[in-house]
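Asks: Here is what each chain is made of, one letter per residue.
Number of protein chains: 2
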Amino acid sequence: MADVRPNASENASEITTGPISGSRKVFHSTGSGLRVPFRRIELTNGEHLDVYDTSGPYTDETATVDVHSGLHRVRAGWTDGREHRTQLAWARAGVITREMEFVATREGLSPEFVREEVASGRAVIPANRCHPESEPMVIGKNFLVKVNANIGSSAVTSSVEEEVEKMVWATRWGADTVMDLSTGKRIHETRERILRNSPVPVGTVPIYQALEEVGGDPAELSWEVYRDTVVEQCEQGVDYMTVHAGVLLRYVPLTAQRVTGIVSRGGSIMAAWCLAHHRENFLYTHFSELCEILRDYDVTFSLGDGLRPGSIADANDRAQFAELETLGELTRIAREHDVQVMVEGPGHVPMHLIAENVRREEELCGEAPFYTLGPLTTDIAPAYDHITSGIGAAVIAQAGTAMLCYVTPKEHLGLPDRDDVKTGVITYKIAAHAADLAKGHPRAQERDDALSRARFEFRWTDQFRLSLDPDTARAFHDETLPAEPAKTAHFCSMCGPKFCSMKITQDIRELAEERGLTTVEAIEAGMREKSEEFARTGGEIYLPLAD
Amino acid sequence: MADVRPNASENASEITTGPISGSRKVFHSTGSGLRVPFRRIELTNGEHLDVYDTSGPYTDETATVDVHSGLHRVRAGWTDGREHRTQLAWARAGVITREMEFVATREGLSPEFVREEVASGRAVIPANRCHPESEPMVIGKNFLVKVNANIGSSAVTSSVEEEVEKMVWATRWGADTVMDLSTGKRIHETRERILRNSPVPVGTVPIYQALEEVGGDPAELSWEVYRDTVVEQCEQGVDYMTVHAGVLLRYVPLTAQRVTGIVSRGGSIMAAWCLAHHRENFLYTHFSELCEILRDYDVTFSLGDGLRPGSIADANDRAQFAELETLGELTRIAREHDVQVMVEGPGHVPMHLIAENVRREEELCGEAPFYTLGPLTTDIAPAYDHITSGIGAAVIAQAGTAMLCYVTPKEHLGLPDRDDVKTGVITYKIAAHAADLAKGHPRAQERDDALSRARFEFRWTDQFRLSLDPDTARAFHDETLPAEPAKTAHFCSMCGPKFCSMKITQDIRELAEERGLTTVEAIEAGMREKSEEFARTGGEIYLPLAD
Numbered sequence: 001m002a003d004v005r006p007n008a009s010e011n012a013s014e015i016t017t018g019p020i021s022g023s024r025k026v027f028h029s030t031g032s033g034l035r036v037p038f039r040r041i042e043l044t045n046g047e048h049l050d051v052y053d054t055s056g057p058y059t060d061e062t063a064t065v066d067v068h069s070g071l072h073r074v075r076a077g078w079t080d081g082r083e084h085r086t087q088l089a090w091a092r093a094g095v096i097t098r099e100m101e102f103v104a105t106r107e108g109l110s111p112e113f114v115r116e117e118v119a120s121g122r123a124v125i126p127a128n129r130c131h132p133e134s135e136p137m138v139i140g141k142n143f144l145v146k147v148n149a150n151i152g153s154s155a156v157t158s159s160v161e162e163e164v165e166k167m168v169w170a171t172r173w174g175a176d177t178v179m180d181l182s183t184g185k186r187i188h189e190t191r192e193r194i195l196r197n198s199p200v201p202v203g204t205v206p207i208y209q210a211l212e213e214v215g216g217d218p219a220e221l222s223w224e225v226y227r228d229t230v231v232e233q234c235e236q237g238v239d240y241m242t243v244h245a246g247v248l249l250r251y252v253p254l255t256a257q258r259v260t261g262i263v264s265r266g267g268s269i270m271a272a273w274c275l276a277h278h279r280e281n282f283l284y285t286h287f288s289e290l291c292e293i294l295r296d297y298d299v300t301f302s303l304g305d306g307l308r309p310g311s312i313a314d315a316n317d318r319a320q321f322a323e324l325e326t327l328g329e330l331t332r333i334a335r336e337h338d339v340q341v342m343v344e345g346p347g348h349v350p351m352h353l354i355a356e357n358v359r360r361e362e363e364l365c366g367e368a369p370f371y372t373l374g375p376l377t378t379d380i381a382p383a384y385d386h387i388t389s390g391i392g393a394a395v396i397a398q399a400g401t402a403m404l405c406y407v408t409p410k411e412h413l414g415l416p417d418r419d420d421v422k423t424g425v426i427t428y429k430i431a432a433h434a435a436d437l438a439k440g441h442p443r444a445q446e447r448d449d450a451l452s453r454a455r456f457e458f459r460w461t462d463q464f465r466l467s468l469d470p471d472t473a474r475a476f477h478d479e480t481l482p483a484e485p486a487k488t489a490h491f492c493s494m495c496g497p498k499f500c501s502m503k504i505t506q507d508i509r510e511l512a513e514e515r516g517l518t519t520v521e522a523i524e525a526g527m528r529e530k531s532e533e534f535a536r537t538g539g540e541i542y543l544p545l546a547d
Numbered sequence: 001m002a003d004v005r006p007n008a009s010e011n012a013s014e015i016t017t018g019p020i021s022g023s024r025k026v027f028h029s030t031g032s033g034l035r036v037p038f039r040r041i042e043l044t045n046g047e048h049l050d051v052y053d054t055s056g057p058y059t060d061e062t063a064t065v066d067v068h069s070g071l072h073r074v075r076a077g078w079t080d081g082r083e084h085r086t087q088l089a090w091a092r093a094g095v096i097t098r099e100m101e102f103v104a105t106r107e108g109l110s111p112e113f114v115r116e117e118v119a120s121g122r123a124v125i126p127a128n129r130c131h132p133e134s135e136p137m138v139i140g141k142n143f144l145v146k147v148n149a150n151i152g153s154s155a156v157t158s159s160v161e162e163e164v165e166k167m168v169w170a171t172r173w174g175a176d177t178v179m180d181l182s183t184g185k186r187i188h189e190t191r192e193r194i195l196r197n198s199p200v201p202v203g204t205v206p207i208y209q210a211l212e213e214v215g216g217d218p219a220e221l222s223w224e225v226y227r228d229t230v231v232e233q234c235e236q237g238v239d240y241m242t243v244h245a246g247v248l249l250r251y252v253p254l255t256a257q258r259v260t261g262i263v264s265r266g267g268s269i270m271a272a273w274c275l276a277h278h279r280e281n282f283l284y285t286h287f288s289e290l291c292e293i294l295r296d297y298d299v300t301f302s303l304g305d306g307l308r309p310g311s312i313a314d315a316n317d318r319a320q321f322a323e324l325e326t327l328g329e330l331t332r333i334a335r336e337h338d339v340q341v342m343v344e345g346p347g348h349v350p351m352h353l354i355a356e357n358v359r360r361e362e363e364l365c366g367e368a369p370f371y372t373l374g375p376l377t378t379d380i381a382p383a384y385d386h387i388t389s390g391i392g393a394a395v396i397a398q399a400g401t402a403m404l405c406y407v408t409p410k411e412h413l414g415l416p417d418r419d420d421v422k423t424g425v426i427t428y429k430i431a432a433h434a435a436d437l438a439k440g441h442p443r444a445q446e447r448d449d450a451l452s453r454a455r456f457e458f459r460w461t462d463q464f465r466l467s468l469d470p471d472t473a474r475a476f477h478d479e480t481l482p483a484e485p486a487k488t489a490h491f492c493s494m495c496g497p498k499f500c501s502m503k504i505t506q507d508i509r510e511l512a513e514e515r516g517l518t519t520v521e522a523i524e525a526g527m528r529e530k531s532e533e534f535a536r537t538g539g540e541i542y543l544p545l546a547d
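Residue numbers (the UniProt record's numbering), protein chains in the order written: chain A, 1 to 547; chain B, 1 to 547.
One or more of the hints may lead you astray.
[Said to hold, decoys possible] Using C-beta positions, here's what the derived DEER-type ranges look like: (1) B:D317 / A:E235: 54 to 64 Å; (2) B:F321 / A:E42: 34 to 44 Å; (3) A:F321 / B:A93: 50 to 60 Å; (4) A:S159 / B:E479: 30 to 40 Å; (5) A:P19 / B:D317: 33 to 43 Å; (6) B:G108 / A:D317: 22 to 32 Å; (7) B:H48 / A:P19: 32 to 42 Å; (8) A:T62 / B:G215: 53 to 63 Å; (9) B:D317 / A:D317: 57 to 67 Å; (10) B:R279 / A:F113: 54 to 64 Å; (11) B:G440 / A:F321: 15 to 25 Å; (12) A:F321 / B:E292: 30 to 40 Å; (13) A:D317 / B:G31: 32 to 42 Å.
[Claimed, not checked] Sample of chain A residues with no beta-carbon within 10 Å of chain B, all distances over it, derived: (14) E61; (15) L364; (16) D379; (17) P442; (18) D448; (19) D449; (20) R455.
[As the list claims (entries may be wrong)] In silico SDA-like pairs for lysine to any residue, Cα to Cα no more than 25 Å straight-line: (21) A:K185 / B:T480; (22) A:K439 / A:L353; (23) B:K185 / B:S222; (24) A:K439 / B:F321.
Rather than coming from a laboratory, the hints here were simulated on the basis of the structure. Built from N, CA and C at the ideal position, the CB exists for glycine as well.
Take the sequences, apply the hints, and build the full model.
Replies: This is the structure:
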């Protein structure tokens with residue numbers, strides 16, 4: 001790939017490095033001494049909060065990054081001296097792997113709990129043994145909800161370097177995995193560069209490359225071409241693959257009366273192949289052989305929902321649920337081969353029909369981690385589909401979805417740029433976190449409480465540092481109050497520089513602590529004092545704008 | 001107000017007029033001949049869709065707008081020859097008023113149904129007889145979910161003209177009501193200008209002006225000052241007023257151990273007054289007198305939740321629900337006086353605690369329309385709180401909230417500008433519409449289906465026109481495919497200019513229609529034909545970016 005290497009200066013200008021403002025990289029040790037990365041948010045009151053970190057060495061000031069040589073291989077040697085087995089096989093054998101130990105520390109849970117979840121198939125650890133650069137993570141409904149960001153060049157648009165930077169940029173803001181959906185030329189090389197530089201698992205849809213191999217004509221596709229493509233991608237280190245093996249010939253007619261027909265790329269390709277040959281989907285008929293290939297590398301299946309609804313009108317219809325039954329059958333076959341499995345979900349679904357998708361998937365697919373695209377809860381807001389789908393993502397994650405595939409503001413309209421990627425990731429981190437709170441994840445609320453305390457105590461800088469996007473939060477605040485003293489002032493631009501509502505509560509609390517009174521007694525005393533203080537000082541209350 | 005009138009040219013440059021792109025104003029006649037405005041979206045296939053319209057004459061090309069003389073008084077004479085009674089009194093008396101008839105046509109429901117909902121107190125029609133410029137609208141859980149936008153100048157910031165334009169701008173994008181939260185100087189004059197030019201009901205929080213009257217010291221507030229302020233605002237034409245009469249002296253101690261104390265402006269002012277005098281809230285002790293004043297103008301109560309939670313940690317706590325019980329008591333008193341009532345709700349609430357807020361409000365307040373601020377479902381995303389709260393707004397609206405108070409990206413950080421207002425309104429229209437779909441409002445899905453059909457048939461221009469924000473949707477599309485022919489091309493920038501998945505379904509359907517075959521037969525025939533066609537043409541399928 002020497003011919004495509006940018007020179008050092010180009011590279012320096014292309015890849016975003018350095019810590020997120022107000023944070024620094026720290027490492028927690030596991031029982032056996034593995035170093036697990038966290039992002040430490042330093043607060044002005046001397047406290048700190050360590051949060052889950054997906055950004056890899058790019059945010060580590062002590063690390064040197066060179067996209068040409070690739071990332072340090074954190075998992076190098078982890079599998080030495082142990083036979084090639086999948087995480088599922090080890091978990092079933094009662095063995096806690098280093099990957100399980102690593103993710104246990106990341107999630108703040110016990111290694112044995114992780115092993116049990118993986119053994120049951122309720123969780124997966126996508127970690128191809130040929131992708132040692134990736135930091136292990138776990139996907140399952142009893143862990144933190146994860147977010148995937150799609151990247152990938154298309155024939156006409158972005159360069160290899162741009163795609164690597166998109167991956168770095170997406171993981172900087174919290175993407176837990178990325179999918180390389182590249183099409184067109186340089187597809188192998190783009191994927192190679194992304195894999196060697198990605199600290200997170202990388203997913204692909206092999207049918208796209210297979211289609212390129214046969215010149216873009218679905219009718220020319222064959223099991224042999226597809227198989228060779230999958231082996232190539234396994235060797236490169238792809239961690240999970242979307243396979244549309246559930247699009248059966250007899251299901252295609254069920255889409256004929258839909259408002260928006262078939263909207264999945266992979267689904268449409270396989271439907272086209274079935275129509276062209278009037279034969280059954282070769283991914284379905286060769287599924288066991290596919291399992292044997294993925295098992296050898298511990299590549300995780302992401303069973304694609306090729307017949308997912310593309311509009312509110314088509315949600316939860318026969319075509320969608322017929323395919324889901326087949327995905328359940330394929331899940332069982334994959335597990336018989338010790339291959340880890342996720343199942344993909346919709347799409348476009350109105351709020352009242354969302355929960356049924358999770359319930360059916362859990363029943364039919366043995367609680368395999370559900371991985372959904374949104375869903376969009378209305379069709380009427382193109383240019384805002386990160387929001388129409390962010391609502392659905394939060395609702396479906398609360399119901400049990402394990403990973404959310406982000407949607408950007410450009411969905412349905414065009415190709416996302418750098419800002420769209422950030423907006424999509426942040427929106428989906430919000431949806432995932434809202435669901436973590438609703439599901440009662442043990443440590444999820446720590447960050448909300450830390451930020452709310454900072455807000456109550458007028459520690460503006462800490463509010464920015466604790467937020468998902470410190471740069472934008474600070475910029476919005478500075479539009480009204482740029483001066484540095486404002487960062488510690490006991491007011492906000494909505495209140496003006498005077499006594500405010502929160503202050504009342506603070507005074508009452510301090511009084512209670514001084515006096516060692518029970519709160520209510522303290523309040524009563526406090527209220528009497530306030531009565532005098534008000535009379536004395538003519539204290540004022542100023543008004544925040546929003547009520 | 002002559003002294004503050006901008007000249008015509010200033011005015012022309014300040015107020016946004018003209019139809020939304022691809023739409024024009026039309027009027028539907030009611031049984032008795034009232035003209036009800038709708039926005040007609042013209043489609044390129046000759047069809048059209050008439051949608052609910054909040055924008056008033058500003059989007060009517062045939063109307064002349066002069067903010068100095070104010071809007072045409074659409075309700076002038078509606079009450080002539082009928083005694084002054086509230087909509088609630090008329091509804092209870094079995095009378096269908098013109099306001100009820102008007103909103104029935106707006107909502108596509110029967111006038112009698114509207115009367116029943118108003119009579120039961122489940123719905124309100126905020127329509128001060130002194131605000132004849134407003135086009136009647138209804139707020140209730142059995143009608144379309146409504147959205148309020150807060151505007152209002154503060155001491156240092158925007159001018160009267162800017163606030164009028166903010167109102168015009170917010171209603172252009174779909175705000176069903178606006179609240180004027182002005183503080184500081186020119187508060188009367190700002191409100192006067194907004195009222196005379198507002199086609200939607202205007203709400204206020206009278207305690208803000210009352211506080212100005214006493215020089216900003218809550219301790220100096222009194223029932224007499226407040227009463228005179230309320231009468232002044234009733235005379236001006238304010239349609240609904242937020243009254244924090246539920247903040248009782250004994251509830252203030254319950255906020256002492258909260259993470260964020262009291263975060264409502266009105267709540268903090270009344271708490272400060274109670275603390276200063278160690279006496280009961282004068283809004284509570286004089287509530288019946290207040291009812292008599294509001295009844296004379298048919299001003300609707302919006303009972304404020306002064307003790308709402310300001311953080312996830314404080315959600316659904318004793319202070320919040322204690323106040324809600326009192327709001328239930330006040331609701332009963334207001335209804336005894338034939339005064340219409342809404343009840344305000346939180347705030348900051350995690351997803352799993354949202355439904356309980358609606359259930360308790362309906363039980364305690366006799367199903368009075370619930371009017372909530374968000375709620376925000378997490379505290380960790382300042383700069384994105386339109387999204388953290390848009391998620392909560394959709395969930396709480398699905399559960400039965402009748403009106404949503406928008407939150408802009410500047411929440412907690414600064415004062416919203418024009419772009420923030422639009423983003424806030426669009427985000428909340430999405431949340432409201434997602435809930436309308438989930439609640440099965442009879443006509444809600446028409447627009448989704450029309451847009452999805454346009455998408456499936458590659459009518460790009462119609463997709464833009466049917467979207468909540470046609471300008472931004474078109475701009476995003478044009479970034480990749482600016483040329484006009486692209487607006488009718490059978491592809492998008494994600495697919496490339498070739499045969500795509502949706503086309504397969506189209507061909508199958510057309511075949512079925514031509515042949516008059518049952519669909520499945522047609523598919524089978526179609527699949528055979530496709531098989532030949534593929535072989536013949538070597539047809540290709542191109543790949544959209546998102547899968």
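Asks: Next, verify each hint and record whether it holds.
Replies: Quick rundown of the hints versus the structure:
1. Separation of D317 of chain B from E235 of chain A is about 57 Å and conforms to the stated range, judged on CB atoms against 54 to 64 Å.
2. At roughly 37 Å, the beta carbons of F321 of chain B and E42 of chain A sit within the given window of 34 to 44 Å.
3. Range check, F321 of chain A to A93 of chain B: about 51 Å between beta-carbon atoms, so the 50 to 60 Å window is met.
4. Under the hint 30 to 40 Å, the C-beta atoms of S159 of chain A and E479 of chain B, about 18 Å apart, miss the expected range.
5. About 36 Å separates the C-beta atoms of P19 of chain A and D317 of chain B, a value consistent with the hinted range of 33 to 43 Å.
6. Range check, G108 of chain B to D317 of chain A: about 26 Å between beta-carbon atoms, so the 22 to 32 Å window is met.
7. The hinted window of 32 to 42 Å between H48 of chain B and P19 of chain A is violated, with their beta carbons roughly 54 Å apart.
8. The beta-carbon spacing between T62 of chain A and G215 of chain B, approximately 58 Å, falls within the hinted interval of 53 to 63 Å.
9. Between D317 of chain B and D317 of chain A the beta carbon distance is about 43 Å. The supplied range of 57 to 67 Å is therefore violated.
10. Separation of R279 of chain B from F113 of chain A is about 56 Å and conforms to the stated range, judged on CB atoms against 54 to 64 Å.
11. With their beta carbons about 21 Å apart, G440 of chain B and F321 of chain A fall inside the hinted range of 15 to 25 Å.
12. Checked against the hint of 30 to 40 Å, the C-beta distance between F321 of chain A and E292 of chain B comes to roughly 59 Å, which is inconsistent with it.
13. Between D317 of chain A and G31 of chain B the CB atoms are about 39 Å apart, so this pair conforms to the stated range of 32 to 42 Å.
14. Look at E61 of chain A: its CB is around 24 Å from the nearest CB on chain B, clear of 10 Å, so calling it non-interface holds up.
15. With a least beta-carbon separation of about 22 Å from chain B, L364 of chain A lies farther than 10 Å from that chain, consistent with its non-interface assignment.
16. With a closest Cβ-Cβ approach of about 4 Å to chain B, D379 of chain A is found to fall inside the 10 Å limit, against its non-interface label.
17. Its beta-carbon lying about 14 Å from the closest one in chain B, P442 of chain A satisfies the requirement of being farther than 10 Å from that chain.
18. Annotated as non-interface, D448 of chain A brings its C-beta within 10 Å of a C-beta of chain B; the closest such distance is 4 Å.
19. For D449 of chain A, the shortest C-beta to C-beta distance to chain B comes to about 5 Å, within the 10 Å cut-off, and the non-interface label is violated.
20. The claim that R455 of chain A lies off the interface is violated: its Cβ sits roughly 6 Å from the closest Cβ of chain B, which falls inside the 10 Å cut-off.
21. Under the criterion of a C-alpha separation no larger than 25 Å, the hint pairing K185 of chain A with T480 of chain B is consistent with the structure, at around 19 Å.
22. Note on K439 of chain A and L353 of chain A: the hinted pairing holds, with a Cα-Cα distance of about 20 Å set against a maximum of 25 Å.
23. Pair hint K185 of chain B plus S222 of chain B holds up; C-alpha atoms about 21 Å apart against a cutoff of 25 Å.
24. In summary, the hint linking K439 of chain A to F321 of chain B is supported, as the alpha carbons are separated by about 23 Å, within the 25 Å threshold.
When held up to the earlier numbered hints, the structure conflicts with 4, 7, 9, 12, 16, 18, 19 and 20 and fits the remainder.
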